[in-house]
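There are 6 protein chains.
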Amino acid sequence: MEQLSPCQKADVLIESLPYIKKFYNETVVIKYGGNAMINEELKQTVIQDIILMRFVGMKPVIVHGGGPEITDMMRKLGKEPQFIDGLRVTDQETLEITEMVLLGKINRQIISLINNNGVKAVGISGKDGNMIKAKLKNPKLGFVGEVEEIDIDLIHTITDKGYIPVISPIGCGSNGETYNINADEVAGKVAAALGAKKLVLITDVKGVMKDQSDTSSIISHIKTHEIRQYIQEQIIGGGMIPKVHCCFHAVTNGVERAHIIDGTKLHSILLEIFTNKGIGTMITN
Amino acid sequence: MEQLSPCQKADVLIESLPYIKKFYNETVVIKYGGNAMINEELKQTVIQDIILMRFVGMKPVIVHGGGPEITDMMRKLGKEPQFIDGLRVTDQETLEITEMVLLGKINRQIISLINNNGVKAVGISGKDGNMIKAKLKNPKLGFVGEVEEIDIDLIHTITDKGYIPVISPIGCGSNGETYNINADEVAGKVAAALGAKKLVLITDVKGVMKDQSDTSSIISHIKTHEIRQYIQEQIIGGGMIPKVHCCFHAVTNGVERAHIIDGTKLHSILLEIFTNKGIGTMITN
Amino acid sequence: MEQLSPCQKADVLIESLPYIKKFYNETVVIKYGGNAMINEELKQTVIQDIILMRFVGMKPVIVHGGGPEITDMMRKLGKEPQFIDGLRVTDQETLEITEMVLLGKINRQIISLINNNGVKAVGISGKDGNMIKAKLKNPKLGFVGEVEEIDIDLIHTITDKGYIPVISPIGCGSNGETYNINADEVAGKVAAALGAKKLVLITDVKGVMKDQSDTSSIISHIKTHEIRQYIQEQIIGGGMIPKVHCCFHAVTNGVERAHIIDGTKLHSILLEIFTNKGIGTMITN
Amino acid sequence: MEQLSPCQKADVLIESLPYIKKFYNETVVIKYGGNAMINEELKQTVIQDIILMRFVGMKPVIVHGGGPEITDMMRKLGKEPQFIDGLRVTDQETLEITEMVLLGKINRQIISLINNNGVKAVGISGKDGNMIKAKLKNPKLGFVGEVEEIDIDLIHTITDKGYIPVISPIGCGSNGETYNINADEVAGKVAAALGAKKLVLITDVKGVMKDQSDTSSIISHIKTHEIRQYIQEQIIGGGMIPKVHCCFHAVTNGVERAHIIDGTKLHSILLEIFTNKGIGTMITN
Amino acid sequence: MEQLSPCQKADVLIESLPYIKKFYNETVVIKYGGNAMINEELKQTVIQDIILMRFVGMKPVIVHGGGPEITDMMRKLGKEPQFIDGLRVTDQETLEITEMVLLGKINRQIISLINNNGVKAVGISGKDGNMIKAKLKNPKLGFVGEVEEIDIDLIHTITDKGYIPVISPIGCGSNGETYNINADEVAGKVAAALGAKKLVLITDVKGVMKDQSDTSSIISHIKTHEIRQYIQEQIIGGGMIPKVHCCFHAVTNGVERAHIIDGTKLHSILLEIFTNKGIGTMITN
Amino acid sequence: MEQLSPCQKADVLIESLPYIKKFYNETVVIKYGGNAMINEELKQTVIQDIILMRFVGMKPVIVHGGGPEITDMMRKLGKEPQFIDGLRVTDQETLEITEMVLLGKINRQIISLINNNGVKAVGISGKDGNMIKAKLKNPKLGFVGEVEEIDIDLIHTITDKGYIPVISPIGCGSNGETYNINADEVAGKVAAALGAKKLVLITDVKGVMKDQSDTSSIISHIKTHEIRQYIQEQIIGGGMIPKVHCCFHAVTNGVERAHIIDGTKLHSILLEIFTNKGIGTMITN
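Chains as they are written, first to last, in this note's numbering: chain A, 2 to 286; chain B, 2 to 286; chain C, 2 to 286; chain D, 2 to 286; chain E, 2 to 286; chain F, 2 to 286.
Next comes chain A alone, as it looks inside the complex:
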C-alpha cells in the first residue's frame, strides 16, 4: 500500500466515529467459518478486526464451524463421512470426533490467536454450563441437534469480565446426550438470545447473488418478507437457504441486522461495520 499521510489517517479515524458510536456497548455475534479459518493471512485479519471491535466498545461473540476439519479427522481415523441434504450423518463415533475437533482443535486455534493479540478469550461449547439445550433434528441424521433454548448466563459471565467468548456448536439433550449442531443456527440463536445488534455470517461467497456466475449481481439488502420469493425464484438456494433462515430467525427475534459476507476479502468484518456501503448481503426485518 502506498503510504498515507498522517492527515489522511486522522480523517479515516474521524470518519469511523459515527460507526463506533452506533455500536458502542452493543453485542455483535460473528459466525466464523469457511476459508477465512484456513488461510493464514485471513485468519489474522479476522482476529484483528474482532479485537478492534472489542477495543472500540463492542462486545463480540464468536461462534465457529469446522466441517472440513471434521471430515479430515474422520478420514484419518478411517471413517467415511456421509451427508443427507448437506447435513452430516452423525453416529456416536462421528459425534465424538466432531466434538473433539470443534472444541479441542478449532476453538483452541481461535482462542490462541485472540490471546496472542492481547485480549483474553474463553472457549466454550453448549455443554459448558449446560448452555445450549438441543433436541434431535431428524432420526436419520443421528446425533444432529437443533437448538431448543440458549442459557445466556455463562456468556454474560465471560463477557462481563472482559473475556471474548468463542463458542463451539455442540448442544445437550434433556437426557444428557450430546448433539452436533449447525454453527450458523447456533450463531443465529445466540444472537437472538443476547439481543445482539448485529449478526455476521462469514462465508466463502460474496452474499446472495441474482446470478451465481456474476459477482456484480449481489443483492445488498433483503427484507424478511422478500425471502420466500427469492427462494421460489431459486436466487436463494442450496447452502444459502439455511444461512438465510438463521438470519431470518435472528432479525425476527430482536437482532437489528444480519449480514452474509465474504470472508475471503481482507477485513470484511471491519468494512461491514465501519463503512456506509457495507459488503455482502444484509437482511433486516
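Source of the hints: derived by calculation from the structure; they are not laboratory data.
Where hints are given, some of them may not hold.
Computed Cβ-Cβ distance ranges for the label pairs, DEER-style [what the hints assert, rightly or not]: (1) D:Lys23 <-> F:Thr285: 33 to 39 Å; (2) E:Thr285 <-> C:Glu257: 56 to 62 Å; (3) D:Gly119 <-> E:Asn117: 47 to 53 Å; (4) F:Leu137 <-> E:Gly87: 28 to 34 Å; (5) C:Glu227 <-> D:Ile153: 40 to 46 Å; (6) F:Pro243 <-> E:Gly87: 48 to 54 Å; (7) C:Lys224 <-> B:His157: 44 to 50 Å; (8) B:His157 <-> D:His226: 27 to 33 Å; (9) A:Gly58 <-> E:Gln233: 57 to 63 Å; (10) E:Asn117 <-> F:Arg229: 28 to 34 Å; (11) F:Thr285 <-> A:Ile153: 43 to 49 Å.
Simulated pairs of lysine to any residue, SDA-like, Cα-Cα distance not exceeding 20 Å [unchecked claim]: (12) D:Lys23 <-> E:Lys106; (13) B:Lys106 <-> A:Pro19; (14) F:Lys121 <-> A:Pro19; (15) F:Lys106 <-> E:Gln93; (16) F:Lys266 <-> F:Asp215; (17) E:Lys22 <-> C:Phe249; (18) C:Lys106 <-> D:Lys77; (19) E:Lys207 <-> D:Cys8; (20) E:Lys106 <-> F:Met75; (21) A:Lys278 <-> A:Pro19; (22) A:Lys77 <-> B:Asn118; (23) C:Lys106 <-> D:Gly68; (24) A:Lys134 <-> B:Asn118.
Think of the CB as a built atom: it goes at the ideal place given N, C-alpha and C, for glycine as much as any other residue.
Dock chains B, C, D, E and F against chain A, hints included.
Coordinates of chains B, C, D, E and F only, in the frame set by chain A:
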C-alpha cells in the same frame, strides 16, 4: 448393602457435621485420573462425591489427566507414542492430538457427568483466559511444559457463579505456543494458587507403601521433611516421585493437606473427607 | 449403635444428596416446643439437626414456644395461671412474665446451644425492628394477640449475614402495646411471609392419628380440602386444631409443605427432611 | 415554658448546626441507667434525645444496666441479693434471673419506647451472634464476667440497616457459659471497639465533684493523666471509680471523649451534645 | 436576642423532631431569587437554612435566578434590556450575557457560600450533561426557552455523592442552541422530575394576598382547583401568575406541597419547614 | 482529500489498534487553549478528536484557558488589563470578570460542542466541590493563585458516569476567597493528581524549537534532566518556560508523558496519540 434404619442414617449425617464445618467454603482441588476415569461405576461415584462436596459448601476444582486415551488416539491415527522417563515426547502432531483428546473428549465427558447430576460445570484449559503460563521443560521432550504461573481470575469467575471448573492440563508459552503439562503438576500448582484447603490426587495405587506387594504396608502420613529419606530408601519411587513432588509444592505453598488416594475404591474422596481415618497417604508440611 | 463400615456411611451421605439439592437455598421454619425443649438429649439433637440443615445450604428459622416455663415462673412469683380454651389469660403482670421468660430465658438457651455448636444465632422477638404487628385476639384473654403482619426485613438482615434467627412469639400493637402470641401461629405466619419451602411443628404427639390410643393409626398426609372433614369426625381435635390451622395458613400462602412431627423421637427433623418416608403428618395444599 | 417566637426557634436550630456537623456519621455509645430508666418523664426525654441524634446523622448505640430491677425480681422470687465491693454475687439462679430481667424486661421497655417514637430498635445481648466474649472476673463473685473481646459485626449489621441497637450486658465464656457483666464496662468496651466519637454514661450524680455535698464543685474536665491523683485524693471514689475506669479505657482506645452526666436532668444528653458548655464531667486522653 | 436557657434550646430541638422525621431523605427544591440574593445577612441565613436541611437528612436542590444582575451587566456593556410581558427579549448577545452572569457569577457566589459553610456544592446549568431540553417559547422573545424535559441523572450523580446541586436556568435545544429559561419554571419542572416532597419559591412578597396593601390578608393555603377563580378575581395577578403556574405544575406532577414565601424574612425556609404554621402561601393539589 | 479505498481505511483502523490498546482505560488530560479555541474548523476537530478518544476507551479530561476573551470582556467593560511577567494583575473586579468569562462563556462553548457531538460533558471550576485548593501566588498580582491541592473526587464522580469533565482554572483559598489560576498549571496538577497517562498542552507554537524562526528545528523529545540546560541556553524561554514547568511537574509526579503541541494543525491530538512519530515536543522523566 443391608438396609440401615433411619436412625442409623441420621447418625451418619450428624457424624459428618464436623467435617462439613471444617471444609465449609474451602476449596478442594481434585486431580481426577487413572482407572477412576474408565470404570463406569467409579466414574459415577467420583462425580457424586464431588457434587456432594459442592452442596455441603465446599468449592471443588477438578483437574483431569488422560494419558491412556491420548495414546489410544495417537495409535488410531497411526502414530506410536514415545516416552522419556515416563513423560510423553510431544511433537507438534502429538501436541494437537493431546489437546484435542484432553479438552475435546475427556473434559467433555466429565462436564457431561456433572451436568447430568444437577450441577453446572464449565470446562477450560490453561489457554482459556491465558490461565496457565508455561515454559519448555526439556527440549528433548518437545512441547512438554512446566507451569510458570497460574492466573486464577477465570477460575474465580467460574466458581463465583456456582459452576464447577474442570481443567485440562494445557498451558501457553510467552510466545503463544501451546504446552502439554503433567496433570498432577497442574493440580498442585492450581491448589497452591487458589490457597486450597486440600489437594487430592486420585490414582490407581493405594498410596505410598513400604512394600509394594503388601497393601497393608501403606504409610498414612508423610511430613515434607521425611520425603527425601523415603526417596533415598526407594519407598517413594517411579511414578510416585512426581506425584509426591506436586504434593510437596502444594503443602509448602499454603495448601493444608495433600492426599494420594486409591481411585479404584468406591467413594474414596468422600471417605477421605468425611471420616477421621482417611485412606491413602497424606502429606503435610 | 453397632459400627457401620465407611462404605455404608458413604452410601448414606450419597443417599442424602437428592434431599440436599431439593432444599438448597430454601427456608425452613421450625416451631420448636414441647418436650424436645426440656429433655437434654433431645435438645442437643434438635440443635444438631438444625445446624446440619444450615451447613448443607438450607436457611433454618426457629420459632419457639415456652408455655410450661411461663407457668412455672408465674407460680414462683405467686400467680396462678388461668386458661380459656387452652389459651393463657394474660393480664399486664402475666404479659411481663411471659415476655421475660420467652426472650430472657428460653430464647437465650436456644441461642447458647446453637452458638456452642459453631454457628452464630441471634434471638429476636416480634418487637425487635417492629417485626410482628399484632392486634387483640379476644378481650377476655387480655394481652393475647393475633398476627396482623410480618415485616421480614429484620429476619433477612440476620440470615443474610449467616446468623440463625431464633424468634420469641411476642408482637406489638398499633399503639405500641405488647402481645403474647401463640408460637404455632407465629411460625405459620413467618413461614408464609418468608415463602418458606417447609414448616415443621415439633410437638409431643406423633401427628394426626385416627385413633389417639394407637400410634400406628397416624395419617401421614392430609390435603387442605380434607381438613374440615377430619375436624367434623373429631380425628383432628383439641390442641391439634390450632396447629392444623397454622399449617393450613402456611400451605395456602405459598409454603410447599407443613409437618406436624414428634419431637420426642431422636433426629425427627432430620428424618423428616432427609428420608423419603417422612414421619408424622404432612399437610399440603 | 413561656412561648418562644419562631425566630428564636430558628436561631436555636441554626446554633445547633456546628454540633450536628461535628457528630455527623459518628457513633455515640450511651450507657443508659439509673433513675433516668425509672422516672417516666425522664425515660421519654432520653429516648427523644437519642432519636433526635439518629435523625441528625449520628449513630447512637445504647447499652443499658438494670441493677435495681434485678434485685427486685430476685426478692420476688425469694432470693436475697449479696454484694462484694458493690458487685452482685451471681450464682446460677441469680444469673438466670439477671439475664431474664435484662433482656426480657428492661431491654424490651427501651426498644418499645424507641419503636413508639418512629425509629426501629433491635435488642441484643452479648450472646447474640456471640458478640461479647467474656471470662470469669473473680471466683468469689460467681458468674460475673469481664469483657475479653467485642465482635462488632452484629452491631454493624444492625446499624447499617438503620436500626438502633440496644445492648444488654451479658457475655459468653469460651465454654459457652453465660456471664453477667457491668454495663458501664460493656459500654466502654463497645465504644472502643466501634471507634465511637463519644461515650456518654448516664448516672444519678452530676459528675465528679470535689465536694460531694456541693454540686457546684463539679469538675467539668478530667484528663486521663489526672485520674490517679483524683483517686488518691478520694475525689473519685466509691461507685465512681469503675465508671471512670470505663471512660479511661474508652478514651485511651480511640474514643474522643467520655462523659459522666446526670440523667435526672431533662435532656441531659442533648445538652451535652448540642451546647458548648456541656454538663457533668468530661474525660479525654 | 435575649439569652435562652439550655432547657429552652433542648425543647426547640425536640419540637423540630417531627418535622425532621417528615422530610427525612426527601428532596426539597428551592428557587432562590430576589432580595434574598442581595442582602448580605439574608444570603447567609438562606444558606445556613439549606445546610441545616442537608444535615438533618433532607436533599436540598437549589435553582437560582438573577434578573437584576443580568440587567446590570447588560447596561455596563451598553445594551438596554427590553421586556415583553415581563419576559426579557433575548438576542444572541443578551443570551451570552445571561449565561455568563447566571453560571459565571451568581451560581459561583452561591456555591462559594455553601462551600464556606462546610458542605460541598456543585454548580451546573441545564447544558451540563444535557440536563434541560428546551424549545423556543415565543419567536418575539428570541432565545427564551421553555422546558421540554429534565434528565435527572446528573442531579442524582451529584446528590448521591453528598454535594448540593446549584442549578442555573439555562437549557439546550434539539439543535444544540442555548435557551434562557425562567428560573421559577425550571424549579417547578425539576421538582416534578425529582419527585420532590416540597418546592419552595423564595420571593420578595409575603405570598398571595387578598389585598396587596394589607400583608395580613395573605392566603395561607390554595388548592389547585381554586387557582382559576383567584386569577379571575385578580387576587393572583402580574408576576405572581407564572409563579403560581410553576407551583401548579409541580403539585399536579407528584410534588406534595409548593410554597411561595417571603425571602426578606430571616430564616424563612426554616420556619416554613420546621413549624406548624408555615409562612407565605402553600399550594397543594 | 482524494478518496481512499475501503481497504486503505481498514488498514488505518488496524494500524491504530496498538495505540488504542496502549491508552485503554487511561486518563489523558488536555489543556485546550490558544487559536485552537477560536478558529471554527480547529474547534470542531479538537472536539472530534476528544470524542474519538472517549469512544476508543480513553478518559479525556479537559482544562481550558481563555486569556484573550477575558481581556476582550475587560475592555468592553472599560477596564484596561495589566500584566506583570505575562501574568494578569487581578483585582476584585478583574477576578469577577475572569470567573464569569471562563466558566460562563468559554466553558459553556466547549460543553456545547461536546454535547452536540453525542457525548455528555459537565463543566466545572475548582470551586465546584471545593476541588482546587489554591493560595496567593504573589501579592502584586492580586487574586492570582497557585494550586495547593487537587481533590479528584468530583472528577471521578463525573467520569465514572461517562461524562467528560471540562475544567475552568479557578481555585478557592482556605478562607473561601477565589483565585484566578494559570490553565497550564491546573492541567499539570490535575494530570498528576489523576495519575494520567498523558498530558497534552495545545498551544499556538509547534513545540520547543532550537531556532524560533525555523520550524524544522523542533526538539521532539526532552528529558527532565535536560530542561535546566535548555533554559540556560534560552532555547526554552518566554511563555514556554511555565508550560515546560507544568510538564516537568506532571512527569515527575507519575504522568508518563507530557506533550506541547501545535493546536493550529488539524487533528493534532489524534496524530499525537495514534501515530508513532508524534508531533510537537514530548517531555518525559
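- request: For the pair supplied as a hint, Lys266 of chain F and Asp215 of chain F, confirm whether the alpha-carbon distance does not exceed 20 Å.
  value: With Cα atoms ~17 Å apart, Lys266 of chain F and Asp215 of chain F stay inside 20 Å; holds.
field: Pairwise hint evaluation, Lys77 of chain D against Lys106 of chain C, where the allowed Cα distance is 20 Å at most
entry: This hinted pair holds, its Cα atoms lying about 17 Å apart.
- request: Sort out whether Gln93 of chain E lies within 20 Å of Lys106 of chain F, counting only the CA atoms.
  value: holds, 13 Å
query: Taking 20 Å as the top limit, are the C-alpha atoms of Lys121 of chain F and Pro19 of chain A close enough?
result: holds, 16 Å
- request: Would you mind confirming whether the straight-line C-alpha gap from Lys106 of chain C to Gly68 of chain D stays at or under 20 Å?
  value: holds, 18 Å
- request: Take a quick look at whether Lys23 of chain D and Lys106 of chain E sit within 20 Å of each other, Cα to Cα.
  value: This hinted pair is violated, its Cα atoms lying about 31 Å apart.
task: Starting from the hint 40 to 46 Å, judge whether the C-beta atoms of Glu227 of chain C and Ile153 of chain D obey it.
output: Hint violated: Cβ distance 52 Å, outside 40 to 46 Å.
Thr285 of chain F paired with Ile153 of chain A, Cβ distance criterion 43 to 49 Å: holds, 46 Å
- prompt: Does the Cβ-Cβ separation between Thr285 of chain E and Glu257 of chain C fall within 56 to 62 Å?
  reply: The hint (56 to 62 Å, Cβ to Cβ) is violated, given that Thr285 of chain E and Glu257 of chain C are roughly 48 Å apart.
Asn117 of chain E versus Arg229 of chain F beta-carbon gap, inside 28 to 34 Å or not: Hint violated: Cβ distance 41 Å, outside 28 to 34 Å.
message: Given a hint of 57 to 63 Å, does the C-beta separation of Gly58 of chain A and Gln233 of chain E actually sit inside it?
response: This hint holds: roughly 58 Å between Cβ atoms.
- prompt: Has the given pair, Lys134 of chain A with Asn118 of chain B, been kept, meaning a C-alpha gap of at most 20 Å?
  reply: With Cα atoms ~16 Å apart, Lys134 of chain A and Asn118 of chain B stay inside 20 Å; holds.
The structure fails to meet hints 1, 2, 3, 4, 5, 8, 10, 12, 13, 17, 22 from the earlier list, while all remaining hints are met.
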